[in-house]
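Visitor: So the chains spell out like this:
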Amino acid sequence: NAGVMQNPRHLVRRRGQEARLRCSPMKGHSHVYWYRQLPEEGLKFMVYLQKENIIDESGMPKERFSAEFPKEGPSILRIQQVVRGDSAAYFCASSPTRGTQYFGPGTRLLVL
Amino acid sequence: GIQVEQSPPDLILQEGANSTLRCNFSDSVNNLQWFHQNPWGQLINLFYIPSGTKQNGRLSATTVATERYSLLYISSSQTTDSGVYFCAVGDTGNQFYFGTGTSLTVIP
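Order-wise, the sequence lines are chains A and B. When you line the first sequence up against the numbering used here, it's residues 1385 to 1496, in that order. When you line the second sequence up against the numbering used here, it's residues 685 to 792, in that order.
Think of the hints as simulated: they come from the structure by calculation, not from any bench. One or more hints might be untrue.
Simulated crosslink set (DMTMM-like; lysine to aspartate or glutamate; CA at most 20 Å straight-line) [said to hold, decoys possible]:
no., chain 1, residue 1, chain 2, residue 2
1, A, K1455, A, D1470
2, A, K1428, B, D765
3, A, K1428, B, D711
4, A, K1435, A, E1424
5, A, K1428, A, E1452
6, A, K1428, B, E699
7, A, K1455, A, E1441
8, A, K1446, A, D1470
9, B, K738, B, E751
Over 12 Å on every C-beta distance to chain B, these chain A residues come out as not near it, computed from the model [said to hold, decoys possible]:
no., residue
10, A1386
11, G1387
12, V1388
13, R1393
14, E1402
15, R1406
16, S1408
17, K1411
18, F1449
19, S1450
20, E1452
21, P1458
22, R1468
23, A1473
24, P1489
25, R1492
So the derived list for chain B, only partly shown, Cβ under 7 Å to chain A, looks like this [stated by the list, open to error]:
no., residue
26, G725
27, Q726
28, L727
29, G736
30, Y753
31, F770
32, N778
33, F782
34, T784
35, T789
36, P792
Glycine included, each C-beta is placed from N, C-alpha and C at the ideal position.
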């Protein structure tokens, strides 16, 4: 059973460009969570999704950030018009229920 | 949200030594996990332990939910144990709250 997969593993963008981060949950998991880790800090919750629904986006910045988890395909975290402060590691986690969360390897975003 | 404090923030050990990492949290929790973030940034699940005691090889963990703390024990430490150890807790909501981690360096 493959683990949570994220791609790309590293992403470089110039200020003003768009970043798209993908997350494929573990097989059989319908709950997806996105977290952001700034350098030297712990992870901070961004958004929780189930298939086709955003359940909790209380940790998402109000502008430029959006997330989706379509019926088919991976979950996408989209950042529009990136700024240097968006540079961070973005982790996706999945779970079969609301219990244990299994984390992917993360996407390291660098904004130049 | 729930506040999570981890101690110590930094720890340097000689290979073979034992250590105890602590996680205090500010409110009742339904979920608690310990993770190891290796030097490559990958998060490894260590324990799912909202209460009680578990052991896995050289690692063990104990959570006393009524007193709002959890302990992670590392025995006979190895250089591959180096990295950052995070405690994360969840309540009836949808997210995990992470501590700021304990950075462990094991020297040969």
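Visitor: All the hints need checking, so say for each whether the structure fits it.
Guide: Comparing the hints with the structure gives:
| no. | hint | verdict |
| --- | --- | --- |
| 1 | K1455/A to D1470/A | 28 Å, violated |
| 2 | K1428/A to D765/B | 24 Å, violated |
| 3 | K1428/A to D711/B | 18 Å, holds |
| 4 | K1435/A to E1424/A | 32 Å, violated |
| 5 | K1428/A to E1452/A | 18 Å, holds |
| 6 | K1428/A to E699/B | 32 Å, violated |
| 7 | K1455/A to E1441/A | 19 Å, holds |
| 8 | K1446/A to D1470/A | 13 Å, holds |
| 9 | K738/B to E751/B | 18 Å, holds |
| 10 | A1386 | 15 Å, holds |
| 11 | G1387 | 10 Å, violated |
| 12 | V1388 | 10 Å, violated |
| 13 | R1393 | 9 Å, violated |
| 14 | E1402 | 23 Å, holds |
| 15 | R1406 | 17 Å, holds |
| 16 | S1408 | 16 Å, holds |
| 17 | K1411 | 17 Å, holds |
| 18 | F1449 | 16 Å, holds |
| 19 | S1450 | 18 Å, holds |
| 20 | E1452 | 17 Å, holds |
| 21 | P1458 | 19 Å, holds |
| 22 | R1468 | 20 Å, holds |
| 23 | A1473 | 6 Å, violated |
| 24 | P1489 | 5 Å, violated |
| 25 | R1492 | 7 Å, violated |
| 26 | G725 | 6 Å, holds |
| 27 | Q726 | 5 Å, holds |
| 28 | L727 | 4 Å, holds |
| 29 | G736 | 15 Å, violated |
| 30 | Y753 | 17 Å, violated |
| 31 | F770 | 6 Å, holds |
| 32 | N778 | 4 Å, holds |
| 33 | F782 | 4 Å, holds |
| 34 | T784 | 5 Å, holds |
| 35 | T789 | 15 Å, violated |
| 36 | P792 | 25 Å, violated |
The structure fails hints 1, 2, 4, 6, 11, 12, 13, 23, 24, 25, 29, 30, 35, 36 (numbered hints given earlier, in ascending order).
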